[in-house]
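*Asks:* One line per chain: the protein sequences are Y and S, in this order.
Residue numbers for the first sequence follow our numbering, so the first one is 1 and each next one is one higher.
Residue numbers for the second sequence follow our numbering, so the first one is 115 and each next one is one higher.
Be aware that one or more of the hints could be misleading.
[Claimed, not checked] Computed spacing ranges between beta-carbons, pair by pair: (1) S:182 - Y:3: 27 to 33 Å; (2) S:129 - Y:42: 44 to 50 Å; (3) Y:14 - S:141: 20 to 26 Å; (4) S:176 - Y:19: 38 to 44 Å; (5) Y:26 - S:142: 43 to 49 Å; (6) Y:8 - S:201: 19 to 25 Å; (7) Y:23 - S:129: 28 to 34 Å; (8) S:170 - Y:23: 33 to 39 Å; (9) S:166 - Y:3: 28 to 34 Å; (10) S:170 - Y:113: 36 to 42 Å; (11) Y:79 - S:169: 25 to 31 Å.
FYI, nobody ran anything at the bench for these hints, they're computed from the structure.
Glycine residues also receive a C-beta, built at the ideal position from the N, C-alpha and C atoms.
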Amino acid sequence: LAKTTQPISMDSYEGQEVNITCSHNNIATNDYITWYQQFPSQGPRFIIQGYKTKVTNEVASLFIPADRKSSTLSLPRVSLSDTAVYYCLVGDELIKAAGNKLTFGGGTRVLVKP
Amino acid sequence: DAGVIQSPRHEVTEMGQEVTLRCKPISGHNSLFWYRQTMMRGLELLIYFNNNVPIDDSGMPEDRFSAKMPNASFSTLKIQPSEPRDSAVYFCASSVLAGGIDTQYFGPGTRLTVL
């Protein structure tokens, strides 16, 4: 499994865009990049997943450069409720049998201030 | 769907006692995962099942920990005997492979305190 490196913490203010970059230099050809969000006292929640270029959903955007050695999660116009820990994971999502063994790193603790 | 259901939500016990944590995965999901989260070690995968069969238990810390999945709708994680260092939040997650994407859905967790 590819190891990931992301900042320990980031502070932001309401209404700003937050960008969290994750490094995964040893990403394999079949690996997908997945981001989870965890609020205090809750389990992690899937945010977004991508393989290359850009993916966007109602919550966030994920930018992946051509070499795929890093990825950036972008949260547009954050609010206080976006305060959480954000985890970047890399793994092979294309296994035929479900049960992808995900390895969570330390995550990035994002604090949104008023 | 109610999501992944875990019980109890909180458990306080004394060292040496047996602890059983329970999980009901989302209906139709065929993979189930048990994680443990502490401040020191973060979120660690303990064991996971695929179609009720244990696939990888390399994360189980020691023989005091055991997990079962007797059917597709129920799993248990047992600690016997429990020790103070087992205090943590234990999460259960389930997933299903759909369209080549395998997304895990986590339960609310069980906060275990061993005195």
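*Asks:* If a hint holds in the structure, say so; if it doesn't, say that too.
*Replies:* Taking the hints in turn, this is what the structure says about them:
Restraint check, residue 182 of chain S to residue 3 of chain Y: a C-beta distance of roughly 32 Å satisfies the suggested window 27 to 33 Å. For the pair residue 129 of chain S and residue 42 of chain Y, the supplied restraint of 44 to 50 Å is violated, since their beta-carbon distance comes to about 28 Å. Checking the proposed 20 to 26 Å range against residue 14 of chain Y and residue 141 of chain S shows it is violated: the Cβ atoms sit about 38 Å from each other. Distance hint check for residue 176 of chain S and residue 19 of chain Y: the Cβ-Cβ separation is about 41 Å, which falls inside the suggested range of 38 to 44 Å.
For the hinted restraint 43 to 49 Å between residue 26 of chain Y and residue 142 of chain S, the CB-CB distance of approximately 34 Å leaves it violated. For residue 8 of chain Y and residue 201 of chain S, the Cβ-Cβ distance of about 24 Å falls inside the hinted range of 19 to 25 Å, so the restraint holds. Taking the beta carbon of each, residue 23 of chain Y and residue 129 of chain S are about 41 Å apart, not inside 28 to 34 Å as hinted. For residue 170 of chain S and residue 23 of chain Y, the Cβ-Cβ distance of about 26 Å falls outside the hinted range of 33 to 39 Å, so the restraint is violated.
About 31 Å separates the C-beta atoms of residue 166 of chain S and residue 3 of chain Y, a value consistent with the hinted range of 28 to 34 Å. Between residue 170 of chain S and residue 113 of chain Y the beta carbon distance is about 41 Å. The supplied range of 36 to 42 Å therefore holds. Between residue 79 of chain Y and residue 169 of chain S the Cβ separation comes to about 39 Å, which falls outside the hinted range of 25 to 31 Å.
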